[in-house]
Amino acid sequence: MDDANSLLKAKGICKAFPGVKALNNVDFELKPGEIHCLMGENGAGKSTLIKVLTGVDPLDAGDIFLDGKAIAPKSPHHAQQLGISTVYQEVNLCANLSVAENIFIGREPLRFGSIDWKEMNRKSQELLARLSLGIDVTQPLERYSVAIQQMVAIARALDISAKVLILDEPTSSLDAQEVEKLFGLMRKLKKQGLGIIFVTHFIEQVYDVSDKITILRNGELVGSYETVNLPRVQLIAKMIGKAFDGFESSCKTLKLDILQERRNNFLQVRGLGHKGSIHPFDLDICKGEVLGLVGLLGSGRTEVARTIFGIDKADSGEIVIEGQTVAIQSPADAIQYGLAYCSENRKTEGIIENLSVRENIILALQAKLGWMKHITKKRQDEISKKYIALLNIKTAGPEQLIKNLSGGNQQKVILARWLLTEPKLLILDEPTRGIDVGAKVEIQKLILSLAETGMSVVFISSELDESVRCSSRMAVLRDRVKIAEISGEEMEEKYIMQTIAGV
Amino acid sequence: MKKMQLSYKYINLIITVVLFFALFAAGSVLYNGFFSTQVLLNMLIDNAFLIITAIGMTFVLIIGGIDISVGSVIALVCMLSAYLLEIQHLSALIVIPLMLLMGFLFGIVQGSFIHFFTIQPFIVTLAGMFLARGLCYVISIDTIMITNSFYQFIATYRIPLPFDNYISISVMIALALVAAALYLNNYTKFGRAVYAIGGNAQSAMLMGLPVGRTKVLVYGLSGFCSALSGVVFSFYMLSGYGLHAMGLEMDAIASAVIGGTPLTGGVGFITGTVFGVLIQGVIQTLIMFQGTLSSWWTKIAVAFLLCLFIVLQRIVVSRKERTKSIS
Numbered sequence: 001m002d003d004a005n006s007l008l009k010a011k012g013i014c015k016a017f018p019g020v021k022a023l024n025n026v027d028f029e030l031k032p033g034e035i036h037c038l039m040g041e042n043g044a045g046k047s048t049l050i051k052v053l054t055g056v057d058p059l060d061a062g063d064i065f066l067d068g069k070a071i072a073p074k075s076p077h078h079a080q081q082l083g084i085s086t087v088y089q090e091v092n093l094c095a096n097l098s099v100a101e102n103i104f105i106g107r108e109p110l111r112f113g114s115i116d117w118k119e120m121n122r123k124s125q126e127l128l129a130r131l132s133l134g135i136d137v138t139q140p141l142e143r144y145s146v147a148i149q150q151m152v153a154i155a156r157a158l159d160i161s162a163k164v165l166i167l168d169e170p171t172s173s174l175d176a177q178e179v180e181k182l183f184g185l186m187r188k189l190k191k192q193g194l195g196i197i198f199v200t201h202f203i204e205q206v207y208d209v210s211d212k213i214t215i216l217r218n219g220e221l222v223g224s225y226e227t228v229n230l231p232r233v234q235l236i237a238k239m240i241g242k243a244f245d246g247f248e249s250s251c252k253t254l255k256l257d258i259l260q261e262r263r264n265n266f267l268q269v270r271g272l273g274h275k276g277s278i279h280p281f282d283l284d285i286c287k288g289e290v291l292g293l294v295g296l297l298g299s300g301r302t303e304v305a306r307t308i309f310g311i312d313k314a315d316s317g318e319i320v321i322e323g324q325t326v327a328i329q330s331p332a333d334a335i336q337y338g339l340a341y342c343s344e345n346r347k348t349e350g351i352i353e354n355l356s357v358r359e360n361i362i363l364a365l366q367a368k369l370g371w372m373k374h375i376t377k378k379r380q381d382e383i384s385k386k387y388i389a390l391l392n393i394k395t396a397g398p399e400q401l402i403k404n405l406s407g408g409n410q411q412k413v414i415l416a417r418w419l420l421t422e423p424k425l426l427i428l429d430e431p432t433r434g435i436d437v438g439a440k441v442e443i444q445k446l447i448l449s450l451a452e453t454g455m456s457v458v459f460i461s462s463e464l465d466e467s468v469r470c471s472s473r474m475a476v477l478r479d480r481v482k483i484a485e486i487s488g489e490e491m492e493e494k495y496i497m498q499t500i501a502g503v
Numbered sequence: 001m002k003k004m005q006l007s008y009k010y011i012n013l014i015i016t017v018v019l020f021f022a023l024f025a026a027g028s029v030l031y032n033g034f035f036s037t038q039v040l041l042n043m044l045i046d047n048a049f050l051i052i053t054a055i056g057m058t059f060v061l062i063i064g065g066i067d068i069s070v071g072s073v074i075a076l077v078c079m080l081s082a083y084l085l086e087i088q089h090l091s092a093l094i095v096i097p098l099m100l101l102m103g104f105l106f107g108i109v110q111g112s113f114i115h116f117f118t119i120q121p122f123i124v125t126l127a128g129m130f131l132a133r134g135l136c137y138v139i140s141i142d143t144i145m146i147t148n149s150f151y152q153f154i155a156t157y158r159i160p161l162p163f164d165n166y167i168s169i170s171v172m173i174a175l176a177l178v179a180a181a182l183y184l185n186n187y188t189k190f191g192r193a194v195y196a197i198g199g200n201a202q203s204a205m206l207m208g209l210p211v212g213r214t215k216v217l218v219y220g221l222s223g224f225c226s227a228l229s230g231v232v233f234s235f236y237m238l239s240g241y242g243l244h245a246m247g248l249e250m251d252a253i254a255s256a257v258i259g260g261t262p263l264t265g266g267v268g269f270i271t272g273t274v275f276g277v278l279i280q281g282v283i284q285t286l287i288m289f290q291g292t293l294s295s296w297w298t299k300i301a302v303a304f305l306l307c308l309f310i311v312l313q314r315i316v317v318s319r320k321e322r323t324k325s326i327s
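As they're listed, the protein sequences go chains A and B. Going by full-length UniProt numbering, the final residue of the first sequence carries number 503, and the count climbs one at a time with no gaps. Going by full-length UniProt numbering, the final residue of the second sequence carries number 327, and the count climbs one at a time with no gaps.
None of these hints come from the bench; they were simulated from the model. Here the structure is a predicted model, which is why all the values come from computation and not from measurement. Incorrect hints may have been included.
[Unchecked claim] Straight-line C-alpha distance at most 25 Å; calculated BS3-like pairs for lysine-lysine:
# : chain 1 : residue 1 : chain 2 : residue 2
1 : B       : Lys299    : A       : Lys74
2 : B       : Lys299    : A       : Lys118
3 : B       : Lys189    : A       : Lys123
4 : A       : Lys313    : A       : Lys368
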């Protein structure tokens with residue numbers, strides 16, 4: 001074994017949570033002076049791997065070696081003592097304490113048994129100066145930007161132990177300039193022989209800074225590659241899990257019909273943006289079309305939907321619905337204009353578990369009518385029975401509790417709820433996530449038939465083939481910017497992947 | 001700009017201190033004989049036990065918890081010491097350390113329930129409150145007078161100060177505790193860990209701080225402070241009775257909040273708490289000098305103050321959030 005050359009090595013890591021195999025026999029190797037990117041879609045097992053390496057979760061099987069010696073981190077604190085420090089996406093510091101305290105808390109310099117504030121402040125100043133950061137260390141941390149807080153977290157991590165530094169999506173809340181500053185720091189640390197594990201969703205950043213890429217998918221190791229030898233398209237294909245060659249695009253018949261019938265614009269978006277989540281974008285949605293939003297996770301798909309629907313209040317741009325400029329300040333406004341939004345978190349934002357199917361269906365209608373209007377039990381029954389039949393919801397009856405339904409059927413109930421309000425534009429965010437193949441096809445069919453009746457649909461999905469099959473047109477997002485629109489013949493997976501990758 | 005930013009955390013503290021002196025000045029103008037050092041010292045004498053309790057409470061609030069058992073613990077300490085001194089005829093030198101130990105352990109047990117079973121502190125200390133109050137009546141349903149000579153001596157002893165002023169031994173105890181708490185808060189790892197945990201317990205854990213130990217110890221400290229307060233209270237009342245110190249926990253919380261310690265954790269000032277107590281003292285004194293108002297007007301004044309300070313805190317927090325989202 002060439003352990004002599006590896007700083008951190010994990011072999012055959014397995015970790016299961018109730019019902020899920022989060023990591024299955026995963027190997028990982030980090031060399032000193034290397035920036036190593038860990039890539040994968042949501043649920044691929046990146047964060048589980050990091051949690052296992054840093055002792056947050058115990059591993060089920062496998063070995064971890066640091067400098068060739070077997071280690072078993074029991075807690076984040078223990079991992080730190082061994083030499084593995086982590087800086088998380090949400091800065092894990094105490095914002096109410098001063099910068100210096102945040103660096104030294106738990107290890108404060110003492111003088112005659114009491115904390116030596118002078119020494120602590122001096123040392124912190126020195127430490128931050130080495131990271132080219134000249135700030136007042138006696139100020140509370142909350143006074144500084146997230147970027148600086150992150151640097152402070154790194155300073156703390158480095159001062160405790162300097163062998164392996166794990167950065168878990170550190171850039172997601174930083175702007176371009178701040179990212180550049182962070183990368184400068186990372187390169188500096190790399191030269192000092194530190195091993196850095198870097199987790200990010202931003203493809204550009206991966207190629208900007210990393211030496212090596214390890215890709216995980218569904219808890220399995222896809223492979224480790226030198227960054228320079230892995231083209232972007234390949235990277236994306238490996239992350240999404242599509243064999244790239246010989247893939248025939250299929251099933252385009254329906255959507256071409258729709259395309260030909262393309263009628264007037266229903267909704268026009270001009271320069272709409274929300275600072276920190278999505279750059280200003282333009283978007284046209286026609287009547288009776290299915291517009292797909294594609295891009296990697298974190299590329300801004302959901303943010304586009306949230307901004308249009310008024311959940312995140314847009315701070316620039318305007319929305320025109322059927323020729324009228326409208327001000328959508330809140331989801332309630334959006335609903336009044338005939339918009340509907342099924343969020344991606346079915347469990348937390350969609351269904352109400354302990355209510356029956358009927359009650360879940362009626363909910364949005366009741367909200368639209370106002371709470372004072374009584375809908376008779378008889379009418380409720382009629383409505384719910386109609387939709388149960390229409391959407392083919394498999395349930396013992398309208399009075400069944402929704403939590404006893406399968407994921408696909410729960411999704412249909414939510415769809416029914418929104419359809420009942422007769423929306424003109426339906427935004428579906430990952431409607432097929434976590435449901436079985438049969439149900440997926442049914443929901444896809446349903447979307448297409450809704451579009452045929454003249455409803456506009458915005459369809460967000462992580463599964464490219466599904467988007468291709470359903471959409472008549474696509475908007476591509478990367479790093480929170482809308483970068484392209486694709487329609488017609490161009491809509492096949494290879495081209496889309498290339499667009500996402502930006503080559 | 002920097003100066004303005006610097007002050008937001010201290011706004012309540014500053015207002016409290018200013019208000020205290022303003023009220024004192026107002027009293028001095030309105031009433032003859034109000035403006036004297038002894039009036040000031042009397043506030044300390046009458047509220048020494050509240051200062052002691054409120055300091056323990058401040059630690060609990062900084063960590064983001066709450067302890068509503070303190071009033072009952074004081075009553076239990078009074079009752080039990082009266083019983084041990086008068087009926088069992090134990091020496092005061094045994095009884096006092098025993099009471100302090102009991103209070104500390106009482107707090108430790110509450111803290112352990114809160115930490116290890118992750119139960120809300122309100123519920124745990126509510127149970128503690130009922131338990132301690134109930135135990136008082138197990139000992140006796142009547143008042144037990146304390147005639148022990150040591151207690152009598154401390155209760156009546158006046159420490160002379162220049163210009164014919166004096167303070168009680170209780171005040172010395174309270175001031176010593178204030179000094180110790182200030183040191184503990186600012187110059188020890190324990191004190192800083194308390195702030196860190198109150199700010200963000202998850203982060204504190206990830207930074208490797210002993211979260212569990214600190215939390216349990218803070219409740220232990222609060223228990224100890226209420227026991228000490230109970231001892232001081234028994235010097236003051238010279239009796240044990242099941243209805244002693246009813247609702248004192250709320251006075252302690254009010255003092256801390258008025259002194260700039262929000263219930264949200266992570267922020268808090270020992271000095272502020274002392275002034276929080278003194279403000280209540282000065283209002284009491286004002287009402288006493290006024291002569292016709294019932295002493296319950298103190299509560300009404302405190303209610304207004306609390307309301308004012310909570311609104312202020314809210315404004316400060318929301319302004320902070322706004323500046324954060326801009327920057």
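Taking the hints in turn, this is what the structure says about them:
1. A threshold of 25 Å between alpha carbons decides the hint, and for B:Lys299 with A:Lys74 the separation of about 52 Å lies outside it, so the pair is violated.
2. Taking the CA atoms of B:Lys299 and A:Lys118, the gap is near 44 Å; set against the 25 Å cutoff, the hint is violated.
3. Only pairs whose Cα atoms come within 25 Å are accepted, and B:Lys189 paired with A:Lys123 is accepted, the gap being roughly 17 Å.
4. Distance hint between A:Lys313 and A:Lys368 is fulfilled; the C-alpha atoms sit about 21 Å from each other, no more than 25 Å.
Hint check: violations occur at hints 1, 2; the rest are consistent with the structure.
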